[in-house]
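Using the hints provided, position chains F and E relative to the given structure of chain Y.
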Amino acid sequence: MRDYAARRLLTLPLLLLGISIVSFTLLNLAPGDPAYIILKQQSPGEAPSREAVLALRQELHLDDPAPLRYGRWLVGAVQGDLGESYRSSTPISKELWRRFPATVMLTGVSLALAVFIGIPLGITSAVWRGSLLDGLSRLLALIGASVPSYVLALLLILLFAVKLHLLPAIGYGSPKHVLLPAIALAAGTSAQLMRLTRATMLEVVRQDYVRTARAKGLPERVVIGRHALRNALLPVVTVLGVNLGHLLGGAVIVETIFGWPGVGKYAVDAIFLRDYPVIQGFVLYMALIFLLANLIMDLAYRWLDPRLHFGKQGS
Amino acid sequence: MRRTLSRIKGAGLRSRSPVLRFLTALPGRMPRRLHIFLTDPASLLGLLIVAAIVAAALAAPVLAPHDPTAVSLERRLLTPNSEYPLGTDHLGRDELSRLLYGARTTLGTASVVLMAVMTIAVTVGILSGYYGGRLDTLLMGLVDLLLAFPGLILAVAIAGTLGPSLINVMIAMAAVWWAGYARLIRGMVLSLRQREFVEAARAIGASDRRIMITHISRNILGPVVVLATLDMGWIILGISGLNYLGLGAQPPTPEWGAMLNDGRPLLQLAPRMMLYPGAAIFLVVLGFNLLGDGLRDVLDPTTYQR
Amino acid sequence: MKRFNIFFGLPLLALILVIAACGGSAEPTATQPPQAQATPTPNAEETTLRVGTPFLSRSPATPRGGFGAIRFGIGETLFKLSKDELKAEPWLATGAQRLDDKTWEISLRQGVKFHNGAVMDAAAVKGSLERAIAESGSAKALLDIAKMEVKDSLTLTIVTNEPSPILPGLLSGTTTTIVDAAAAAAMGDAFLEKPVMTGPFKVEKFQLDKELVVTRHDEYWGPPPQLDRVKFIILSDGNSRLLALQSGDIDIADYIPSEGVTVVKSAPGLEVRSAAPVSLEFMYLNHRREPWQDAKVRRAIAIAINREALVEAVLQGRATGANGPFPPAVLECDQLRGHTLDIAQAKQLLAEAGYQDTDGDGILEKDGQILTLDLLTYPQRPELTPMAETIQASLKTVGIKVSIRVTEGIDGALEQGDWDGGMYFNNMTVTGDPYRSLLQFFTTGGSANFGGYSSPQVDELTRQVGQATDRQAREQLACDASQAIIDEVAVVPLLYPNFNYGISNEVVGFDQPHPFWLYFIDSNIGKR
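Protein chains in written order, with the numbering used here: chain Y, 1 to 315; chain F, 1001 to 1306; chain E, 2001 to 2528.
Calculated directly from the structure, the hints in this document are not laboratory data.
The beta-carbon is built from N, C-alpha and C at its ideal position, and this holds for glycine as well.
Misleading hints may appear alongside valid ones.
Said to hold, decoys possible - Straight line, CA to CA, 30 Å or less: simulated DSBU-like cross-link-like pairs of lysine-lysine:
{"#": "1", "chain 1": "E", "residue 1": "K2231", "chain 2": "Y", "residue 2": "K163"}
{"#": "2", "chain 1": "E", "residue 1": "K2205", "chain 2": "Y", "residue 2": "K94"}
{"#": "3", "chain 1": "Y", "residue 1": "K163", "chain 2": "E", "residue 2": "K2527"}
{"#": "4", "chain 1": "E", "residue 1": "K2366", "chain 2": "E", "residue 2": "K2401"}
{"#": "5", "chain 1": "E", "residue 1": "K2366", "chain 2": "E", "residue 2": "K2396"}
Unchecked claim - The calculated label-pair distances, taken between Cβ atoms and stated as ranges, are:
{"#": "6", "chain 1": "E", "residue 1": "Q2380", "chain 2": "F", "residue 2": "I1167", "range": "19 to 27 Å"}
{"#": "7", "chain 1": "E", "residue 1": "A2146", "chain 2": "F", "residue 2": "I1171", "range": "52 to 60 Å"}
{"#": "8", "chain 1": "Y", "residue 1": "Q58", "chain 2": "E", "residue 2": "Q2457", "range": "29 to 37 Å"}
Stated by the list, open to error - Far from chain Y, some chain F residues (derived; all Cβ distances over 10 Å):
{"#": "9", "residue": "L1034"}
{"#": "10", "residue": "F1037"}
{"#": "11", "residue": "R1076"}
{"#": "12", "residue": "S1082"}
Bound-form chain Y, shown alone (with noise of 0.2 Å):
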């Protein structure tokens, strides 16, 4: 397992190479000039000048060859210093470091909300599959898959906030500011948790070592808690690594509406506006972000179900 973990850190620098050579084609071959769209945006409905384009073109070297730009982007990456945005000439990655905690703050308690909601409710309904708390879990899983983010945001501010004036609408610092946000994330991620667990736990279930663990007489609640629920939550692994990777790259609308200061409008702002160097920079952020995050829960699929060999079949 050593090895493999091993084998895994060496190849995420190429994949990260990779990944940034992608970034960055993908991004000139968008039309757009940075230049132009950024001048607009700082001043709101002016058409800007041609000497004024040129100018913040010749600043930012945007003529220079595109190879060029990408080896001097690359240069200043392995040092750690993701170049200037366009927009706002600070420093990327001082940038994403300031908003980190913001997004792991959001991700945090709204995959603990999820976790907490959703396993639970899917472990009960496959254990008391068919009766009517099995029902209306599924039924508000069904609800939480099938609204979207940001209608869900509108609605519980326009009730919380704007008609009951429980909890702010916008913000960011006290725990209230992170409530509305982090339950308008979790509802479709308990919706999946809460239907995968339930699969998954019904499979199990039906396995020869679980009813070799009943046979032995076990209570049930060992036979669920220990032995059914460790395999069970594979899947449900993987799903919450893909989701806390996504989280982890910010929830964008939801940051966009309560005014959440993350690392996902950052980037989306930074989409639109063609800031090359932000995009760049957040790109990788996100690339490593899911490499880790990919390994560790491939070592934690390892740890749970110890049949599972890696390499060539028959190993």
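Frame of chain Y; chains F and E shown alone:
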């Protein structure tokens, strides 16, 4: 058979309505699993909902009372009345007609994307999980690349170069979405690979291909179907999100996601504009999920064995 | 040994993440004991105004961030645009005299103190302008300064490279915000977080994309600021600004969409403020493509559109139908003949241009080609898309088939040239003079002339506007140019949209906002 069913605590045979009792008493040998499917009210409901929506979508030109793109500014934001059963939108177009035609666009796009995604994901997942080794590393590396790459950038790049259209949306989504499923399926294949029946099949000399196609596919079909049906909703919402960027159905083509977006500024003034497409999406998701659950019970060969 | 149960492990991990994040980054709230740090919590007697705004994307200390500096009451320029006529009027300068073609003598205001207490004199202004020119290519191009001389402590002479009849107006440009350049040099990067300028408020705290907190400048030269503190929260979604206003989390919602106006008007405790519009929403036509090269076809399009309906239906009445390229608040012309709705006339014009509906499908054809218009629009300006859809319906009645394409990069798309029509929004009051707008949009090869419109007459008139020294003459020439633009249908003017604020009724001193949204926070605004 009954004992196996009751292994799950609290499960009993589901109640049957007279209609279902009649159906199941039909002459001829009906496959056991189909029987189970038809006697489960939830599955039937799901089938009914999906069938109804699909039928409505197909029959939209006949059912829709008005032209869904007919702008009529004097009749904007009318509340439901006899001429416009669901009222009109911000440009005076009939909401009901837009919903019906929107079903075609939304369901059609989502279905194509789903099928493409699942096909690619299953192929990659099985190959990767079964053979392992270098192929696995390569394919999963590709998957990692795709998962790590923010889909939005890809979407904007595609819209910028190929142009905004429904087909390009399908391409963009399919190209990105298969990765997560591939990974999941690979995981399932990995655990299946070690199971006895695979070893047994190999022992009797079955070829790799046969094992993959018959044994492994059949075993993962159940979970894959569950995933697919739940994700129908995600895909529809994803299409709606991309619509905000200008990718996808161009105005004034009706599409549920676009209608959701259109209704956002009117959330407080005319909430029904978000309610209708939202309810429609919810119904579709509900239907597919119920259906998927039922199908899983039918298609999963490990269920009800022995 | 009992194995670690993952059922508890995962949520525990998540919980740890949450606690770590909360503990590490939570900011103090009113219920926590005050801690010694850079941001003192406001005490009960201090009045704090909270504004939700989308308009701050870089430090106001930079030339490109000057828009934010002026808007939020931090910085000022030598001249500002007057409220009633949008003409250059004294601000940090008291007057300007043109000595010759290329030389202006600027008289400065006495008693202006920077945020750090330093006195603003001619040397300081010179230093500030030099910094702007050095750091911003657009400032350099805008002002075109050859040299500056300090004549005495309150008089600065500016010599430009080319004759510059409207220099005072140019000195209202956001890149020319007056800063204490010496302090900027001394403070280095810290200046970006705490710029030293002259406005009624100085920066207390600035966090990019999150918030900006300013406190009153006690030595402000103008009327004493009514507020102790203003907190700007960056909210880029119009809906959430509206909801935040309704929930009481902010006192002013900066720029709300027209549907939001209806909601605010019916809400108790909230009010709407709008000013005379200074911007234009219009439709570009691609003069490089066949059907639109025919003036009759262009005219037909222009008169087939019901502007009043657009105003009522799409903008809930918060706009005015557009006659020409300049809103009356920007350029007042008598007797400007705009396009009046006339469907019959439109049909006739198209018939005269040789288009007929030969196959009876309602769409006109000519030489076997159907008359279609590929219309671009973009989501960043939400009302443009329903407007495009309405135009599509209107043009269908005269036989033109419109297909709409939404793009999130409108300028790039327009530049590419693969379109027939393009929806666009633009502020027509930059520097308070029509010259720049005419130059950019309507002269041959203008930087925003995406449609390729070319008229020697308009080119000549614009040139003359650029050279005229008499304001009356400039305006008359600009009006003539406007009329030509209207008659030739260079673009199809649609409407002048209002700029709307939503405010709580606790806000005072903000009864009539400046038509140009650049001027927003000043020392008059207060809170009950």
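Would you list, in rising numerical order, the hints stated earlier that this structure does not obey?
-> none
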